[in-house]
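Participant: Sequence lines, in order, name chains A and B. My numbering applies: residue 1 is where the first sequence begins, and numbers increase by one. My numbering applies: residue 1 is where the second sequence begins, and numbers increase by one.
Think of the hints as simulated: they come from the structure by calculation, not from any bench. Fair warning: there could be bad hints in the mix.
Remember, identical chains collapse to one label, so a pair may be satisfied in a single copy or spanning two.
[Said to hold, decoys possible] Cut-off 20 angstroms, straight-line C-alpha distance, at most; resulting in silico cross-link-like pairs (EDC-like, lysine to aspartate or glutamate):
(1) Lys-235 with Asp-155
(2) Lys-154 with Asp-8
(3) Lys-80 with Glu-30
(4) Lys-154 with Asp-34
(5) Lys-148 with Asp-211
(6) Lys-282 with Asp-72
(7) Lys-64 with Asp-155
(8) Lys-148 with Asp-172
(9) Lys-154 with Glu-173
(10) Lys-148 with Glu-205
(11) Lys-159 with Asp-311
(12) Lys-64 with Asp-179
Number of protein chains: 2
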Amino acid sequence: MLLSATGDILAETDGPCTNHWLVGVDKCIEGIYDMVQKAKISAGLDPDTQIHSLGMSLSGGEQKAAIQKLIDQMSERYPKLSQSYYITTDAIGAMATATDHGGIVVISGTGSNCKLVNPDGTQVGCGGWGHMMGDEGSAFWISHLAVKTVFDAKDNLAKPPHDITYVKKAMDEYFQVSDLMGMLPHLYRNFQKSHFAGFCRKLAEGANAGDALCQYVFIQAGKILAQHIVAVLPKAHQELFSGELGLPILCEGSVWKSWELMKDGFTQVLSQAQAAHSHFQKYSLLTLRHSSALGGAKLGAQNVGANLPVDYSSTANVFFSHSFTKQ
Amino acid sequence: MLLSATGDILAETDGPCTNHWLVGVDKCIEGIYDMVQKAKISAGLDPDTQIHSLGMSLSGGEQKAAIQKLIDQMSERYPKLSQSYYITTDAIGAMATATDHGGIVVISGTGSNCKLVNPDGTQVGCGGWGHMMGDEGSAFWISHLAVKTVFDAKDNLAKPPHDITYVKKAMDEYFQVSDLMGMLPHLYRNFQKSHFAGFCRKLAEGANAGDALCQYVFIQAGKILAQHIVAVLPKAHQELFSGELGLPILCEGSVWKSWELMKDGFTQVLSQAQAAHSHFQKYSLLTLRHSSALGGAKLGAQNVGANLPVDYSSTANVFFSHSFTKQ
Chain A
1 MLLSATGDIL
11 AETDGPCTNH
21 WLVGVDKCIE
31 GIYDMVQKAK
41 ISAGLDPDTQ
51 IHSLGMSLSG
61 GEQKAAIQKL
71 IDQMSERYPK
81 LSQSYYITTD
91 AIGAMATATD
101 HGGIVVISGT
111 GSNCKLVNPD
121 GTQVGCGGWG
131 HMMGDEGSAF
141 WISHLAVKTV
151 FDAKDNLAKP
161 PHDITYVKKA
171 MDEYFQVSDL
181 MGMLPHLYRN
191 FQKSHFAGFC
201 RKLAEGANAG
211 DALCQYVFIQ
221 AGKILAQHIV
231 AVLPKAHQEL
241 FSGELGLPIL
251 CEGSVWKSWE
261 LMKDGFTQVL
271 SQAQAAHSHF
281 QKYSLLTLRH
291 SSALGGAKLG
301 AQNVGANLPV
311 DYSSTANVFF
321 SHSFTKQ
Chain B
1 MLLSATGDIL
11 AETDGPCTNH
21 WLVGVDKCIE
31 GIYDMVQKAK
41 ISAGLDPDTQ
51 IHSLGMSLSG
61 GEQKAAIQKL
71 IDQMSERYPK
81 LSQSYYITTD
91 AIGAMATATD
101 HGGIVVISGT
111 GSNCKLVNPD
121 GTQVGCGGWG
131 HMMGDEGSAF
141 WISHLAVKTV
151 FDAKDNLAKP
161 PHDITYVKKA
171 MDEYFQVSDL
181 MGMLPHLYRN
191 FQKSHFAGFC
201 RKLAEGANAG
211 DALCQYVFIQ
221 AGKILAQHIV
231 AVLPKAHQEL
241 FSGELGLPIL
251 CEGSVWKSWE
261 LMKDGFTQVL
271 SQAQAAHSHF
281 QKYSLLTLRH
291 SSALGGAKLG
301 AQNVGANLPV
311 DYSSTANVFF
321 SHSFTKQ
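Next comes chain A alone, as it looks inside the complex (with noise of 0.2 angstroms):
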C-alpha cells in the first residue's frame, strides 16, 4: 500500500509469501521490492522514485537479530528503494490498522498467533511458534486434527468423537490417497505446510453440510483461539474494557470466514474467563476492510517521526458482540 504524507492511500498491490522463515531471505526481499515498484507504477509514479518510509507487517517479523539482517540486506541489495525501512509482525500491523488504541488481535490463517497490544503500546504474545509448537486453531491444525483423528481411530489407539467416514473420505480425495501409508508422503518427503492447512477448506464445507466430526473440528478451533486471549487477558490493562465496544479483539485470517462454525467453542470459553475478570463484561470481533499493510505503513512513517493520519472510523467493521449478563 502506497500512501502519500496526508494519509491517501495511492496504489495497493499485492504478490507472494514473504515469511522469511518459510521462502528465504532472498526470495522475500525480491518479493517486497518488486510490490513496491508494481505500486509506484501503478501510481503514475517514476518507479525510480524513493520512498520515504518503507513500513512492512510480516507474518514471521518477530526476531530482532532476523529483522535487521532483513533490513541491512534490503538497503544493500536496492539502495534506492526507501530512504527508511520498519519491520513489525502481522498481528501488530493488523492492529496499527484497526485503532491505535490497543486491543487482541487473534490471527488464524494457516498458522495462528495472538497478540495483545496496550494502549501504551506494550505488547503480550502468545502463541504464534509454527506448527512444530503450535499454530492452534490455525488451518494447519484444524486439518491435523481432521487427520490425526482418523488415524488414531483406524489404529483404535483413540476412538473419535464422531463418526470418521466423511472426513476419511475428504483426506483421500484431497490428498489423493487410498490408505493412511498414502500420507506419508505430504507428512514428511512432500510435506508442504500450506497445502495441508488447505484441506481446512473441505472439512468446512463438510461441517456446512452437516458432518459432526467437520464441526466438531472447528469448533475446538474456537476453544483454542478463545484460550489464546484467555493467557493475554490478565495484562489487558484496563482501559482496553471500557470503550463502548468493551474488549476490541482483532480477528485475522481466513479461517475466521469459518467463524459461524466457531462460534459456539469460542464464546463458551471466554464466558468460563469472564467469572476471573470483572472488568471483563463486553467484547467485540472486528475484521479489517483495509488490508493489514496499512498499519505497517503508518507504524514506518511513525518511526521515522511522521504522523500519517488515518480515519479509524472506516478500517474495521464489528462482526460479533457479546455482553455477558449477571447469571
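Keeping the supplied structure of chain A fixed, place chain B upon it in accordance with the hints.
Facilitator: Then chain B, alone, in the frame of chain A:
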C-alpha cells in the same frame, strides 16, 4: 549378523541409520552393503562370496512399493551381494528374534511403533507414523511434551502440571538457547529429529534426580505406550495369553532403559484394560539379548524355504511380569 545354514552366528557388525525415509535410498543401500562386506571379512570369508539370503529388518520397511524399489536398486547396484532379498520392519524383525509364537512388540526409540503378531503370522499395528502424526511415547515425543509444556506455561496458554524451572534450564542448556525464540531453528530450519529426541536423556536424568515435571513426562509416555498395546489387544489370538509368561510384550528401543520411570503409567493403563479382556490375566515384558537382525535373517531364510534354527531360550529376557489378581 552373518549366520551359517546351521544357525551359528559367524559375525556381527553395525553401521549408520538405514531408514530410507530419513537418509534416502542411496545411503540406505550403501550402508547395508558396507555392513555385509564388513561381516564377511570379520568372519574370515572372501568379500566376494555371495550370500544366500539377505534378510533385513528395517525401521521404515513398511510400505510394499517402497521396499520392492529398495530391493530392485540393491540387486541392480550390487548384483553379486546376495541370491535373495527380504525386507521387513524393525518391529517384525525384533519379534522374530524373540519368538516364533508371536506376541506384541512395542518400539520406543527416537520414534515409536507397536505391532501385534499372532501365532499364525497375521499382524495388526498401531502407531509408527513418525513425529508429524504419532510417535507417542518415543524419545521425540517425551522431549516435545516437555518443551511444549514450557512454551505453554510461558505463554500462559496452559497451566503446567508441575514447576517448569528444571526443564526450562535443561532445555536452555541442551539446545544452547536463552529464550523460546531461540528454539525456532531447532524446530524448523535446522530440525533434526534425533537431536531433538536426544533431549529425552536429560529429562531422564532430571526424573531420576527427583524433578516432578520430568517424572510426569515419563509417566505419560508409559501410559500412551500401554495404550498402543490396548489398541491391538482385541485382535490378539487367545493362545497369546495362555503361555507361562502370559501375554508376551517385547520392548525395544532406548526409552525402555527408563522403564522404572514409566512403570506406574504403563501398569495403570494395562490394569484398566484388563477389565474388558477376561482372558488377559498376566503379561510379561521382554528385552532382546540379540540384535533384531537375527530375526531379520531368520525371516529372510524362511522366505527362500530354509529354516535357520534359533534357540529361543537364549534370545530374550523377561524384565517385568505382572499377574492381575481379583479385586
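Participant: Hint by hint, say whether it matches the structure.
Facilitator: To see whether the hints hold, each was checked on the structure:
Taking the shortest Cα distances, Lys-235 and Asp-155 sit within 20 angstroms of each other only across copies (12 angstroms), while inside one copy they are farther apart (43 angstroms). Taking the shortest Cα distances, Lys-154 and Asp-8 never come within 20 angstroms of each other, neither inside one copy (57 angstroms) nor across copies (41 angstroms). For the identical chains of this complex, Lys-80 and Glu-30 are intra-copy neighbours only, at 14 angstroms inside a copy versus 53 angstroms across copies, given an alpha-carbon limit of 20 angstroms. Taking CA atoms no more than 20 angstroms apart as the test, Lys-154 paired with Asp-34 passes in neither setting, with 48 angstroms inside one copy and 39 angstroms between copies.
With identical chains, the CA atoms of Lys-148 and Asp-211 are at most 20 angstroms apart within one copy only, with a shortest distance of 17 angstroms there and 31 angstroms across copies. For the identical chains of this complex, Lys-282 and Asp-72 are neighbours neither inside a copy (44 angstroms) nor across copies (67 angstroms), given an alpha-carbon limit of 20 angstroms. When the C-alpha separation of Lys-64 and Asp-155 is checked against a cutoff of 20 angstroms, the pair qualifies only between copies, where the shortest distance is 19 angstroms, while the shortest distance within a copy is 44 angstroms. In this homomeric assembly, Lys-148 and Asp-172 come within 20 angstroms of each other (Cα to Cα) only inside a single copy, at 14 angstroms, whereas the closest approach across copies is 31 angstroms.
When the C-alpha separation of Lys-154 and Glu-173 is checked against a cutoff of 20 angstroms, the pair qualifies only within one copy, where the shortest distance is 17 angstroms, while the shortest distance between copies is 39 angstroms. Proximity of Lys-148 and Glu-205 under a CA criterion of 20 angstroms is satisfied intra-copy only: 19 angstroms inside one chain copy versus 32 angstroms between copies. For the homomeric pair Lys-159 and Asp-311, neither the shortest alpha-carbon distance inside one copy (52 angstroms) nor that between copies (41 angstroms) is at most 20 angstroms. Taking the shortest Cα distances, Lys-64 and Asp-179 sit within 20 angstroms of each other only across copies (13 angstroms), while inside one copy they are farther apart (44 angstroms).
In summary, the numbered hints that this structure violates are 2, 4, 6, 11.
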